[in-house]
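Peer 1: Model the full assembly from the supplied sequences, consistent with the hints where possible.
Residue numbers (our numbering), protein chains in the order written: chain Y, 725 to 787; chain P, 2 to 272.
There are no misleading hints in this set.
Pairs of lysine-lysine residues, derived as DSS-like cross-links and limited to a Cα-Cα distance of at most 27 Å, are as follows:
| hint | chain 1 | residue 1 | chain 2 | residue 2 |
| --- | --- | --- | --- | --- |
| 1 | P | Lys183 | P | Lys244 |
| 2 | Y | Lys735 | P | Lys8 |
| 3 | Y | Lys749 | P | Lys183 |
| 4 | Y | Lys729 | P | Lys8 |
| 5 | P | Lys221 | Y | Lys749 |
| 6 | Y | Lys729 | P | Lys14 |
| 7 | P | Lys183 | Y | Lys783 |
| 8 | Y | Lys735 | Y | Lys783 |
| 9 | Y | Lys783 | P | Lys8 |
| 10 | P | Lys85 | P | Lys8 |
| 11 | Y | Lys783 | Y | Lys749 |
| 12 | P | Lys85 | P | Lys255 |
Chain P regions said to be covered by chain Y (calculated; three or more residues, Cβ under 8 Å):
| hint | segment |
| --- | --- |
| 13 | 18 to 30 |
| 14 | 176 to 182 |
| 15 | 214 to 225 |
Just so you know, these hints were derived from the structure itself, not from any lab. Keep in mind that this is a model prediction, so the values were computed, not measured. Glycine residues also receive a C-beta, built at the ideal position from the N, C-alpha and C atoms.
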Amino acid sequence: MSSAKIEVIEKYCKGCAICAEFCPKQVLEMDAFVVTVARPQDCIACMQCELRCPDFAIKVHKG
Amino acid sequence: MSYDYDKWIRPGKLPHIWCPGCGHGIVMKGLIRALDICGLEKNNTAIVSGIGCASRLPGYIDACTLHTAHGRAAAFATGVKMAKPEMTVICCGGDGDGTAIGGNHFIHACRRNIDMTYVLMNNHIYGMTGGQFSPCTPTGAKASTTPYGNPDPIFDISKLAIGAGATFVARTTAFHATQIDKLIAEGIKHKGMAVIEVVDDCPTTYGRRNKFRSVVDMMKVLKDTAVPVVAAAKMTAEQLEGKILTGVLYQENKPEYCEQYAKVIAKAKGA
Ligand SMILES: Cc1ncc(C[n+]2csc(CCOP(=O)(O)OP(=O)(O)O)c2C)c(N)n1
Ligand code: SF4
Ligand code: SF4
Ligand code: SF4
Chain Y
725 MSSAKIEVIE
735 KYCKGCAICA
745 EFCPKQVLEM
755 DAFVVTVARP
765 QDCIACMQCE
775 LRCPDFAIKV
785 HKG
Chain P
2 MSYDYDKWIR
12 PGKLPHIWCP
22 GCGHGIVMKG
32 LIRALDICGL
42 EKNNTAIVSG
52 IGCASRLPGY
62 IDACTLHTAH
72 GRAAAFATGV
82 KMAKPEMTVI
92 CCGGDGDGTA
102 IGGNHFIHAC
112 RRNIDMTYVL
122 MNNHIYGMTG
132 GQFSPCTPTG
142 AKASTTPYGN
152 PDPIFDISKL
162 AIGAGATFVA
172 RTTAFHATQI
182 DKLIAEGIKH
192 KGMAVIEVVD
202 DCPTTYGRRN
212 KFRSVVDMMK
222 VLKDTAVPVV
232 AAAKMTAEQL
242 EGKILTGVLY
252 QENKPEYCEQ
262 YAKVIAKAKG
272 A
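Peer 2: If you want it as structure tokens, here you go:
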């Protein structure tokens, strides 16, 4: 069980899917142009999604 | 820990104007992390741009910023640096801004080896004005002005910078987010002209015309074509066909322009 908390700032998310595509654990999914956290328990807090989001729309808070 | 970008973002400026998946946002975040790595202060940091989507970047940053005329970032930045040599001066902008209309200013800033860092976002196109070809549009690629494919060869920005006299030249891509901050920070710490070329994506005016189905496809190409210089040394010309070299491509120490100019001032004053 992961202790990282993934925060999506929906009003900033432009639905590009970069975060979801390159997440090594398939934690994220796209839902009508906004990313959703489908499998939070699988997150390994690698920060890749946060680093590559062009829009400051996803934050990973390590537990 | 989640990275705190807020300190360097002007309040109320987000969301930014860039299209979904535009790499300029990834570069901006890398630049902000580089400012922190270098421990810079807002009052002593100037960020200067010309015109274009990429050149909108300084407008979001809470530092001393200048959004100038098309292609003139290096010229204005040279003025800032000469008036206030103690300031850290960073230029940013696109391939159109920096190598077409501003190519002259760019090469001469390199030639002078003035102490600044130029972050050049190379998305191979004039994004802001609807996708006209730039000197960095690949041969054969489609732009609004090359509907049958671009007949021109490209400028290799990094080679151009090295040839013109820049003393720190590095390249990465918008996919390689952690390398963006590291290379920009190295460039800032380097005394002299540093050019960081970030190969970037414009899904809206380049991707669509050139058969990329999505921005994710463009990111995959950036991921797959980048080869670190160290790895490239062990590869054959055939294996390197179509690849882009990433990492620090060139570095040397040479006299810096403001220091040389200070000597002229001292001489003129009879010191
Ligand atoms: C003197 C002048 N000529 C032309 C323009 C129109 N113009 C605005 S942005 C731009 C190109 C920008 O392309 P680039 O620098 O590659 O940045 P991008 O938009 O792709 O990020 C042009 C030609 C202008 N603003 N000023
Ligand atoms: S931190 Fe890593 S594992 Fe967790 S959601 Fe982001 S990319 Fe996936
Ligand atoms: S990378 Fe950012 S903007 Fe793109 S889908 Fe993910 S959270 Fe949204
Ligand atoms: S037009 Fe291209 S360069 Fe401009 S914001 Fe959109 S994707 Fe980015």
